[in-house]
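Peer 1: From first to last, the protein sequence lines stand for chains A and X.
Each residue of the first sequence is one higher than the one before, counting from 663 in the numbering used here.
Each residue of the second sequence is one higher than the one before, counting from 64 in the numbering used here.
Derived from the structure by calculation, the hints contain no laboratory data.
Ideal Cβ positions, reconstructed from N, Cα and C, are used throughout, including at glycine.
Errors might be hidden in some of the hints.
Claimed, not checked - Here are some, though not all, of the chain X residues that point toward chain A, as calculated from beta-carbon distances under 10 Å: (1) L96; (2) T128; (3) L140; (4) I143; (5) F147; (6) T213.
Given next are the chains, with one letter for each unit.
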Amino acid sequence: MTATTAASPKGRRGGARRRRSAGPLFVAPFMALFLLLFLAPLGYAAYLSLFQERLIGGTAFVGLDNYVRALDDPQLIHGVVRVALFFVIQVPLMLLLALLFALALDSGLLRFAKVIRLGIFVPYAVPSVVAALMWGYLYGPDFGPFAQLSHDLQLPAPAFLSDGWMLGSLSNIVTWEFVGYNMIILYAALRTIPEELYEAAAMDGAGAWRIAWSIKLPALRPALMLTLLFSVIGSFQLFNEPKLLMSIAPDVISSSYTANLYAYTLAFTGQQVNYAATVSFLLGLVIVIVSYAVLLTANRRRTS
Amino acid sequence: MTTTLPTAELAPPAKRAPATAGKRRRKRHSTPLTIAMLAVLAYFLLPLLWLLVASTKSTQDLFNTFGLWFSHAPQLLTNIKATFTQDDGVFVHWLLNTVMYAGVSSVGAALLAAAGGYGFAKFRFRGDRVAFNLVVGAVMVPATALAIPTYLLFAKAGLVNSPWAVILPSLVNPFGLYLMRVYAEDAVPDSILEAARIDGAGEARIFFRIVLRLLGPGLVTVLLFTLVATWNNYFLPLIMLNNPNLYPVTVGLSSWAARAQNGGAGSSSDMLALVVTGSLISIVPLVVAFLMLQRYWQSGLASGGVKQ
Numbered sequence: 663m664t665a666t667t668a669a670s671p672k673g674r675r676g677g678a679r680r681r682r683s684a685g686p687l688f689v690a691p692f693m694a695l696f697l698l699l700f701l702a703p704l705g706y707a708a709y710l711s712l713f714q715e716r717l718i719g720g721t722a723f724v725g726l727d728n729y730v731r732a733l734d735d736p737q738l739i740h741g742v743v744r745v746a747l748f749f750v751i752q753v754p755l756m757l758l759l760a761l762l763f764a765l766a767l768d769s770g771l772l773r774f775a776k777v778i779r780l781g782i783f784v785p786y787a788v789p790s791v792v793a794a795l796m797w798g799y800l801y802g803p804d805f806g807p808f809a810q811l812s813h814d815l816q817l818p819a820p821a822f823l824s825d826g827w828m829l830g831s832l833s834n835i836v837t838w839e840f841v842g843y844n845m846i847i848l849y850a851a852l853r854t855i856p857e858e859l860y861e862a863a864a865m866d867g868a869g870a871w872r873i874a875w876s877i878k879l880p881a882l883r884p885a886l887m888l889t890l891l892f893s894v895i896g897s898f899q900l901f902n903e904p905k906l907l908m909s910i911a912p913d914v915i916s917s918s919y920t921a922n923l924y925a926y927t928l929a930f931t932g933q934q935v936n937y938a939a940t941v942s943f944l945l946g947l948v949i950v951i952v953s954y955a956v957l958l959t960a961n962r963r964r965t966s
Numbered sequence: 064m065t066t067t068l069p070t071a072e073l074a075p076p077a078k079r080a081p082a083t084a085g086k087r088r089r090k091r092h093s094t095p096l097t098i099a100m101l102a103v104l105a106y107f108l109l110p111l112l113w114l115l116v117a118s119t120k121s122t123q124d125l126f127n128t129f130g131l132w133f134s135h136a137p138q139l140l141t142n143i144k145a146t147f148t149q150d151d152g153v154f155v156h157w158l159l160n161t162v163m164y165a166g167v168s169s170v171g172a173a174l175l176a177a178a179g180g181y182g183f184a185k186f187r188f189r190g191d192r193v194a195f196n197l198v199v200g201a202v203m204v205p206a207t208a209l210a211i212p213t214y215l216l217f218a219k220a221g222l223v224n225s226p227w228a229v230i231l232p233s234l235v236n237p238f239g240l241y242l243m244r245v246y247a248e249d250a251v252p253d254s255i256l257e258a259a260r261i262d263g264a265g266e267a268r269i270f271f272r273i274v275l276r277l278l279g280p281g282l283v284t285v286l287l288f289t290l291v292a293t294w295n296n297y298f299l300p301l302i303m304l305n306n307p308n309l310y311p312v313t314v315g316l317s318s319w320a321a322r323a324q325n326g327g328a329g330s331s332s333d334m335l336a337l338v339v340t341g342s343l344i345s346i347v348p349l350v351v352a353f354l355m356l357q358r359y360w361q362s363g364l365a366s367g368g369v370k371q
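Same shape as in the complex, but just chain A (with noise of 0.2 Å):
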């Protein structure tokens, strides 16, 4: 694509050919590493997901096999379906905060706005390998301070790491990571609105909740975009918080807790390669998709 291009020879002002190749050149290295780390992946796990290991005979193709295997595996559908119960609860609750702190710190009103902002926003540099072993510690029926103070007050300990808390646990620690990282977008965003906006809706008598919904809302929508976006990303691929927590609470997180989670086991405890391959597949499909449904339903909400 790109050699045939740099020879071009349809430039007609002073270094516009040599401006037409540069180009190229540029993206080059990006697109090189882009399509050998990104896109050749992509294609071996389809190529891989079309064969099966039988244990006589080796390889064999078997088309679309693995794909009907998946879509009636009760593990992966509990999989994701847990992954899209927990984008639900979790992504509109996460956004909510992130929105609320943000518009609390663009309003001016606060004390000690900067001191928040970066407290708020300080989670976000912690990984979440520590932030999942911290909060799985905190909620531990052993030396958890809940555990301690309920203990103290003769109360029975709430059962963060029980079967019915731990998607609401979950949830917890992953807005806690990332609650502070969509805030800085928005804020980001909301620091662009220009003055003269503000001041021409004070002029119409426009209090600040009114301000708040007419001016800053509808600026934020492209913002609030790109965080849905990544939260659909993020949340669909829950892997780290559970396979952390996996060790402390190994009743209730399984080897198939997430869709994520499952892949892994059936790569690197099952050995089911093409299978593993399959559900990578799968599952990207379905991030890919609910991103587009998202965008679409957003840009179709605009346009209305």
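Given chain A's structure and the hints, the job is docking chain X onto it.
Peer 2: Leaving out everything else, chain X in the frame of chain A:
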């Protein structure tokens, strides 16, 4: 509105701070709102406070004393020393590996994204739209759904269990390229490029001497993004590496945590104190870097988010 933002709008907010402070001078502070937000702040800082307190304790004290206050025999230095000497000092390896993986990945990813973004923003060539749209579409493909296929491919190529297995996949950052393209469109004026060309400067020279400087803040944002992403990465190194000496700190800590748990999680084992202290040590550099560089986050995110 946003597509016509001048370059000045994309400058780091520090430069705009005086103006913003001035524009909000009429407003008074709200005490109820401040108190509410301080409560929120407490929620975010409490786990970190716990970690700080916990890393001064022996494993026994972790079980026997209240989590959010110090024990009678604080031993932070003992814990740090134990963390660094456990398993022949493997923790030092983990820290250095993390620094190396994150450093090489983020500098490499930022430069690749800057060159690519500049190429897409300022040059027209055959296939540029298709290529760019392909990259933007890839933003939605999750890294972990890609990790197992990448592992399978690398296993075939004999690349697994080496630093490259962790670094190479981190070099490709589609969102970074998108961000740099958006940024380059405004931050690199065509007139400067034309002037440099008339002066006879080569394209490479223009890029390294002029463009990179103009792309500075956007470049730092992508650098920070990738730095955090690779510093925090767990899934990729977990599947790619099985030699403990190559682990980054995240995989190393989780292996210690699993050992602490399997050892009965009892107060007899010292592992637990090491996991806690190791966690604290591993987050200190990144938190410090964050607080020092936080203004870049905001400016870079503004250009990416607003103009999406």
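Peer 1: Taking the hints in turn, state whether each one holds.
Peer 2: Verification of the supplied hints:
1. L96: 5 Å, holds
2. T128: Given a least distance of 9 Å, the restraint on X:T128 holds.
3. L140: Violated - the Cβ of X:L140 stays beyond 10 Å from chain A, reaching only about 21 Å at its closest.
4. I143: 16 Å, violated
5. F147: 17 Å, violated
6. T213: Holds: closest Cβ of chain A sits about 4 Å from X:T213, inside 10 Å.
Violated hints, listed in ascending order, are 3, 4, 5; each of the other numbered hints is respected by the structure.
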